[in-house]
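A.B. asks: The lines below spell out each chain.
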Amino acid sequence: MASQPVKLGVSECIAVVNQVLAGAFPALEVEGEVASYKVNQGKFVFFDLKDSDGTLGCFMTVWQQRVPIEDGMKVIVRATPKLTPWGKFSLTVQSVRPSGEGSLKKSFELLKAKLQTEGLFAAERKRLLPAEPSRVAVISSTQAAGYADFIEILTQRWGGLDIQVAHTQVQGEAAPDQMIRAIEYFNQAEDPADVLVLIRGGGSADDLAAYNDERLVRAIAGSRIPTLVGVGHEVDVTLADMVADVRAATPSNAAQILVPDAREIITSTRERVRRMASATERALDEIRIDTRQWLRQAYDSADMHFDQLLDQLKSLRATLHAYDPQAVLRRGYAVLRGEIASGNQIEIMTEQQLIQAEVRDVKNR
Amino acid sequence: MSKTDNKTITQLRTELGELLAWFESDEFTPEQAVDKFTEAEALAAQIETQLAEHKHQITVLKKKFDEAE
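Going line by line, the protein sequences match chains A and B.
In terms of this note's numbering, the first sequence opens at residue 1 and continues consecutively.
In terms of this note's numbering, the second sequence opens at residue 366 and continues consecutively.
Worth flagging that the hints you see were computed from the coordinates, not collected in a lab.
Don't take each hint at face value.
Heads up, simulated SDA-like pairs for lysine to any residue below, C-alpha to C-alpha not over 20 Å straight-line [unchecked claim]: (1) Lys82/A - Val20/A; (2) Lys401/B - Glu281/A; (3) Lys420/B - Gln164/A.
Start from the sequences and build out the full structure, keeping to the hints where you can.
C.D. replies: Given below as structure tokens:
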């Protein structure tokens, strides 16, 4: 039996078609090359998506467009197919992302140039991180290898940090908004952390594309907490890296930048104490040497005085010896005792004898 | 930074640095050196202990960031 034709008004027909399309494609992604890209009134974005055999018109708002696109770029759009009231078929785009290395690079360069013009990467905007932070806010996926590396190095190097971790996606369409919300959360804290760290391990250009999202980059630039970003490997550079106050080459490097190495501090502390010990020893040695020197000088001086005294004594003894009566007697002289007058008894003393004698006569010479 | 006896590692290191400066200054006297050196050794030991013993306190927030509030 032949089915009965459905009779609908134009608007009804359009509504039914849209209903069928929505039912058929609840989540639709279309890949193609951008053509005829234009923005109307600064709000509405129109472009065509084409491949070798077909073209689809696309519509979205400027607010929904998170990455720059231009004609010739290969993109993937997430969209709802729709028949407009004017009977034109188009895709109402919820999000667009570059597809393929070339387009990712192109989009990166376009946004980089735009943000550079605004001065977001300027060196004078960069703030210093605290030398020894105590409170650290981390935005990453706790399941990611990069996060594990970061925590491991941080633990190896230092201790006692209060680390608050916001677990977010680090790749895919939802990642930028999640990270932006986490940035806002930490920035709104009454007592904010000393440093805000965004980390993610290595991945393909597509995996890291979340860190090239314009709104995320602006959120990092607007953070009142100083930012440290370590995304991917050393060769990977994202716009988030460029806008951060400090860029780390990897998550491990972020940990190295964030905290000093306790082992180095212990070594330098021991070195300081050793220097103090050396200074003390040196000072005591100097005192010891000086004391010995002074003692030696005192001894030499006393010795010299003693020698002089000995010499003087020797000379005095010689003089004294010269006056010794015994010495005169030894030379043959004699000592007379008694009054020299005729008939008087006198005593004569020689070296060997004591003679009693009588004076017989006395004459003047 | 981690704390012990109400002094952070940074404060302890600053004190140690000041002591070292005293040892290298003209204020140095052998009479005071022994006491100062003992003080420095105690500070160094405190720093090492703090560094060795203190662990990070890691809190993964329960808050979800997948939806705008």
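A.B. asks: Evaluate each hint against the coordinates.
C.D. replies: Here is what the structure says about each hint:
Distance restraint check for Lys82/A and Val20/A: the Cα-Cα separation of roughly 10 Å lies within the 20 Å cut-off, and the hinted pair is therefore satisfied. Only pairs whose Cα atoms come within 20 Å are accepted, and Lys401/B paired with Glu281/A is accepted, the gap being roughly 13 Å. Distance hint between Lys420/B and Gln164/A is fulfilled; the C-alpha atoms sit about 14 Å from each other, no more than 20 Å.
Hint compliance for this structure: every hint is met.
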